[in-house]
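Which chain is which? The protein sequence lines are A and B, in order. Numbering-wise (our numbering), the first sequence opens with residue 1 and increments by one. Numbering-wise (our numbering), the second sequence opens with residue 1 and increments by one.
Fair warning: there could be bad hints in the mix.
Any copy, or any two copies together, can satisfy a pair, since identical chains are not distinguished.
Only pairs whose alpha carbons sit at most 25 Å apart, straight line, appear in this in silico PhoX-like list of lysine-lysine [said to hold, decoys possible]:
id, residue 1, residue 2
1, LYS270, LYS13
2, LYS106, LYS42
3, LYS273, LYS13
4, LYS118, LYS42
5, LYS106, LYS118
6, LYS42, LYS139
7, LYS106, LYS273
8, LYS211, LYS106
9, LYS64, LYS118
10, LYS139, LYS106
In case anyone wonders, no lab produced these hints; they're calculated from the structure.
Number of protein chains: 2
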Amino acid sequence: MKEHAVTIYDISKQAGVSIATVSRVLNGSDNVSEATRQKVLKAMEESGYTPNAFARGLGLNTMKTIGIMAADSSDPYLAKGIYFLEQLLRGEGYDCLLCCTGYSLKNRIASMELLITKKVDGIILVGSNFVYEDDADNKYILDAAAQVPVMLLNAALDAPNVYSITSDDYTSMYNAANMLISEGITDILYFFNSRSYSGRRKEAGFRDAMKAAGLSTGDGTLQFYRGNREDVPAMADLLEHVWDQGHHFEAVLASDDTLAISALKFAVRKGIKVPEELSVIGYNNSMLTACVTPELSSIDNRQETLCQHLTATLMGVLGGNEMPKQTVFAGELIRRGTTR
Amino acid sequence: MKEHAVTIYDISKQAGVSIATVSRVLNGSDNVSEATRQKVLKAMEESGYTPNAFARGLGLNTMKTIGIMAADSSDPYLAKGIYFLEQLLRGEGYDCLLCCTGYSLKNRIASMELLITKKVDGIILVGSNFVYEDDADNKYILDAAAQVPVMLLNAALDAPNVYSITSDDYTSMYNAANMLISEGITDILYFFNSRSYSGRRKEAGFRDAMKAAGLSTGDGTLQFYRGNREDVPAMADLLEHVWDQGHHFEAVLASDDTLAISALKFAVRKGIKVPEELSVIGYNNSMLTACVTPELSSIDNRQETLCQHLTATLMGVLGGNEMPKQTVFAGELIRRGTTR
DNA sequence: CTTGTTTGTGAAACCGCTTACATAATTTCT
DNA sequence: AGAAATTATGTAAGCGGTTTCACAAACAAG
Chain A
1 MKEHAVTIYD ISKQAGVSIA TVSRVLNGSD NVSEATRQKV LKAMEESGYT PNAFARGLGL
61 NTMKTIGIMA ADSSDPYLAK GIYFLEQLLR GEGYDCLLCC TGYSLKNRIA SMELLITKKV
121 DGIILVGSNF VYEDDADNKY ILDAAAQVPV MLLNAALDAP NVYSITSDDY TSMYNAANML
181 ISEGITDILY FFNSRSYSGR RKEAGFRDAM KAAGLSTGDG TLQFYRGNRE DVPAMADLLE
241 HVWDQGHHFE AVLASDDTLA ISALKFAVRK GIKVPEELSV IGYNNSMLTA CVTPELSSID
301 NRQETLCQHL TATLMGVLGG NEMPKQTVFA GELIRRGTTR
Chain B
1 MKEHAVTIYD ISKQAGVSIA TVSRVLNGSD NVSEATRQKV LKAMEESGYT PNAFARGLGL
61 NTMKTIGIMA ADSSDPYLAK GIYFLEQLLR GEGYDCLLCC TGYSLKNRIA SMELLITKKV
121 DGIILVGSNF VYEDDADNKY ILDAAAQVPV MLLNAALDAP NVYSITSDDY TSMYNAANML
181 ISEGITDILY FFNSRSYSGR RKEAGFRDAM KAAGLSTGDG TLQFYRGNRE DVPAMADLLE
241 HVWDQGHHFE AVLASDDTLA ISALKFAVRK GIKVPEELSV IGYNNSMLTA CVTPELSSID
301 NRQETLCQHL TATLMGVLGG NEMPKQTVFA GELIRRGTTR
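Construct the entire structure; sequences and hints are all you get.
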């Protein structure tokens, strides 16, 4: 199959120069006379030469690869982030090694070690499920950061060589709740899934908005869904159960578009009119918002912008520059058909 | 940042053996006495040694990496495939280098070359957008296959060192159309997007089923949507336009769940009852099916099974075994709320 | 026409690990 | 007990590049 590969040595012979010279034109480095450069390039062309990436990596101590970790690359929101990052990094000449860890700490640690072993130039953690606020579990991130820069997308952690790019989930949620309240809606159900970094921020935003309005956030106004995120019907069941228990909420504020979609499903099932009798607001402004009727109002956390800044920051760090450790972007509620 | 890394040489000194011996325990190879093995392992443990992947790659000529190419990793269906593959390959000790090419041939070629340059052990093309039946564009795949095994998921190409794992799209679509016809539905709109390998197979299945029933597949029964797949509203507009032209179809057979979702959106907009007045069938049985009400009937092409077989086949090929060049799995229509 | 700089090139060391081959130590067999 | 076979370990030659350093050629200045 693999015929004996042509090496830099073959080129050097063919072009009648030393391997050092070949290496020089390869790296576009300093001083090579135009004549020799052409000779070498011609030899490369003719023999279809491709430098051996491993040898190169060994010498340069990098293979221009970034590790991307996500819990689940098929989650519509995470998938989008991965896609943006991949495109941006490719634009910078980097490739992406993808690691899906699921939601287990053990997998996170293993994947992180693996990426370090493979000598990636940097590691990006996509999604806040990696970072827990008051949790010693974050140690593995610090360990990794001792080796390569670690970028956090939608999570924040103050540690050396760790850079965080986040959207202001707290404020977004606060404002969304506030908006509902200002419309006279007081019985708001906060429907959430993840107790991760951003999950907690969102929750805090909701609670504070309610508190500021003198409303309760006691039993029933918070529902936590544990289970497979894709299981929309099961999530709808949960809401139906709550409703049937007698808690007839006027709005669902979801920490996630998928959860919001399930609220819509629940509403259709019970014949509850959206948005007249029930407002629903999702989070992430993912493609799912367009899949339902009426279309889902959702909080846009400007993922593409976050990814752009993350990439720029990472490139800066790799270039040896001082870079901001934390960057926060404001989110924005996109109003569509599920709010009045 | 990166303190001088500890190498095999340091370990050899610390354990009082030669580097060859260290390398041996590293690779779990042949004959190392238990005593020495322990000494070495201890030294490694103590100094936190990690073998240099580049040097390893240079020596072994592999870094246990598989390249995955997809048009768009954020497409819900492709994302799912990528996820399955990543998990399966990780289980086999391989990592995944992800390349999103968009829908341009130029990008496909560039990504392919890049993966070859990075010396992946194999390349997987996810989705049929890579392969066109009667198209010279496939040349780049053959070139790549001269270097490493190329696996096609949901596409087929008969060439050396190229392996195809596909679902039987032709038959699935034939059967789906047939089922609608048997229910007395004769005006079926085939709504599709891609003219790729599987796209053509699906179309052929639809046409043949119609022909077999003596129905026409002329103007109006085939609608091709060109544009951003995520733009559900725009796709719905197209259908609305067709409808308003006077073509009141009774069913939409979509080549894709996203297209089917847009048909549902169109139906709601026009007040057409699904499934009473309009049947809708999607393709891929993706998570989107659960997001709408009624839930979308869709053709399941058993993606997970395909991925499992693809991975197994690839591992076989890499292990030097003779493996089947083409594997086809039957699909299955999952009936939900959008069909009677 | 020297002398002092550039500029272009080659020789060789090195990156960290694998492995063929040689050798030493041990065991097995007659 | 000595030869043969086996097992354990070390030496050194790659793998295919990069890069330091030395040196020769070309050019500028005195």
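Now the hints, each set against the structure:
1. LYS270 x LYS13: Intra 79 Å, inter 73 Å, cutoff 25 Å: neither.
2. LYS106 x LYS42: between (51 Å within a copy, 23 Å between copies)
3. LYS273 x LYS13: Result: close neither inside a copy nor across copies, 78 Å intra and 75 Å inter.
4. LYS118 x LYS42: Result: close only across copies, 22 Å inter versus 34 Å intra.
5. LYS106 x LYS118: Classified as within: same-chain Cα gap 18 Å, cross-chain 29 Å, threshold 25 Å.
6. LYS42 x LYS139: The answer is between: 24 Å across copies meets 25 Å, while 52 Å in one copy does not.
7. LYS106 x LYS273: neither (44 Å within a copy, 49 Å between copies)
8. LYS211 x LYS106: neither (38 Å within a copy, 56 Å between copies)
9. LYS64 x LYS118: both (11 Å within a copy, 10 Å between copies)
10. LYS139 x LYS106: Answer is within; shortest intra-copy Cα gap is 12 Å, inter-copy 43 Å.
The structure does not agree with the numbered hints 1, 3, 7 and 8 stated previously, though it agrees with the rest.
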